[in-house]
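Residue numbers (UniProt numbering), protein chains in the order written: chain S, 1 to 233; chain P, 1 to 233.
Treat the hints as calculated values from the structure; they're not laboratory data.
Some hints here could point you the wrong way.
The list treats identical chains as interchangeable, and a pair is accepted whether it falls inside one copy or across any two copies.
What the hints assert, rightly or not - Lysine-lysine pairs mimicking DSS-like chemistry, simulated, CA-CA at most 27 Å apart:
hint	residue 1	residue 2
1	LYS192	LYS7
2	LYS39	LYS89
3	LYS7	LYS39
4	LYS7	LYS89
5	LYS54	LYS39
6	LYS7	LYS54
In this text, all values refer to a predicted model and were calculated from it rather than measured experimentally.
There are 2 protein chains.
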Amino acid sequence: MNEHTVKAFDEDIGELRGLIAQMGGLAESAIDASMVALKRHDLEAAARIIEGDKEIDILETEVERLAVRLIALRAPMADDLREVVAALKIAGVVERIGDYAKNIARRVPAIRGDGHIEPLSLLPAMAGMATDMVRDVLDAFAARDPEAAQRVCERDRAVDDFYNSIFRTLVTFMMENPSSISQAAHMLFIAKNLERVGDHATNVAEMVYYAATGRHMGERDQGDAVPLNGNAE
Amino acid sequence: MNEHTVKAFDEDIGELRGLIAQMGGLAESAIDASMVALKRHDLEAAARIIEGDKEIDILETEVERLAVRLIALRAPMADDLREVVAALKIAGVVERIGDYAKNIARRVPAIRGDGHIEPLSLLPAMAGMATDMVRDVLDAFAARDPEAAQRVCERDRAVDDFYNSIFRTLVTFMMENPSSISQAAHMLFIAKNLERVGDHATNVAEMVYYAATGRHMGERDQGDAVPLNGNAE
């Protein structure tokens with residue numbers, strides 16, 4: 001590659017990083033906003049979150065176009081190619097995090113926000129843990145910092161534990177409040193969505209680690225957290 | 001492109017299609033197997049499904065490598081590039097369908113399969129509808145048939161309706177059987193996973209349509225199905 005090509009590549013990859021940072025910021029804000037909408041039972045805010053998700057989708061399409069153009073025109077090798085492919089995949093994951101915010105917003109009408117469901121207060125704390133992971137892993141991507149990425153992975157267990165605790169709390173709540181079972185079921189799905197946001201942050205961390213080092217972080221278990229031995233049965 | 005290049009491209013894209021067909025076959029079988037394991041409460045079969053998911057992941061990695069090599073070496077334009085990018089994305093979606101099978105398998109230990117939860121009998125029927133969509137959309141991909149892809153999309157509503165009906169049935173069941181709420185909650189998640197399989201088949205259908213025609217099928221709503229006005233509250 002001559003100097004001109006290298007500079008053009010660096011500019012393109014910088015643009016990719018910028019787009020992904022923008023997507024990540026929107027996805028985090030959407031999760032935070034969905035928690036506020038939920039607590040306030042704010043249907044208009046929920047509608048805005050659902051509508052706003054399109055912006056993230058458009059940015060993902062831009063990342064795809066740019067990444068494919070970059071691979072086709074500049075034929076990057078080894079480290080550079082790994083980074084472009086990582087950017088492409090990370091954009092896909094961030095888009096899915098945006099989808100979770102949208103899915104949570106869709107459940108706002110189904111859940112009364114007047115505080116009569118006590119476990120509702122646990123969800124924003126769980127959301128905060130998950131969005132912190134998203135922000136930190138995107139910072140690690142921007143800084144090409146594999147150690148920071150690894151530290152994000154280590155926090156996924158805490159999110160899983162929080163999820164398992166909410167699952168048990170909600171099952172107990174359902175047994176004691178049969179008339180609120182439908183609302184509690186929607187909250188179960190929201191908790192599961194947030195648990196998945198943590199999983200996705202972990203997936204991104206693994207991609208960042210691989211892009212930066214060329215090595216895999218080691219096999220880790222990333223499936224659905226399934227609490228067994230719950231309160232019922 | 002000279003004749004040699006065209007032939008090499010055709011061979012590569014044929015290999016991509018072959019890998020995706022293989023992934024699709026494995027993902028469908030895994031969903032079917034998860035339903036059998038669930039009905040029989042077969043923990044060993046569930047463990048095999050979880051283990052078998054790795055094979056799908058490996059195939060996805062192969063698709064990625066091949067697609068990136070194809071873009072970098074052959075710099076395909078327009079129609080051809082669209083098809084390679086579609087293959088890359090479809091592989092990602094099929095991998096997620098495999099993950100749903102794994103997630104269902106993980107819930108097998110939490111659900112007693114002795115028929116005392118009547119709504120359990122609804123899940124295999126729903127799974128059949130969803131896997132039929134997956135098979136038909138991958139056939140449409142193999143045949144580059146945009147009309148067949150469109151017909152798959154039209155069936156997603158039936159899966160969503162089925163899901164909403166199961167949601168209501170399970171909520172009612174929970175109210176009447178508080179001691180089985182935890183098991184029923186796991187079944188809710190399984191139903192949601194199957195509903196997502198239908199959504200993903202729809203996403204693939206849109207990619208197949210776009211790859212074959214260069215046009216988008218038109219904006220469609222693909223979010224979480226959220227049943228409102230359920231039986232409770």
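Going down the list of hints, with the structure as the test:
no. : hint          : result
1   : LYS192 x LYS7 : neither (43 Å within a copy, 47 Å between copies)
2   : LYS39 x LYS89 : neither (33 Å within a copy, 36 Å between copies)
3   : LYS7 x LYS39  : neither (48 Å within a copy, 59 Å between copies)
4   : LYS7 x LYS89  : within (23 Å within a copy, 29 Å between copies)
5   : LYS54 x LYS39 : within (24 Å within a copy, 40 Å between copies)
6   : LYS7 x LYS54  : neither (32 Å within a copy, 39 Å between copies)
Of the numbered hints listed earlier, those contradicted by the structure are 1, 2, 3, 6.
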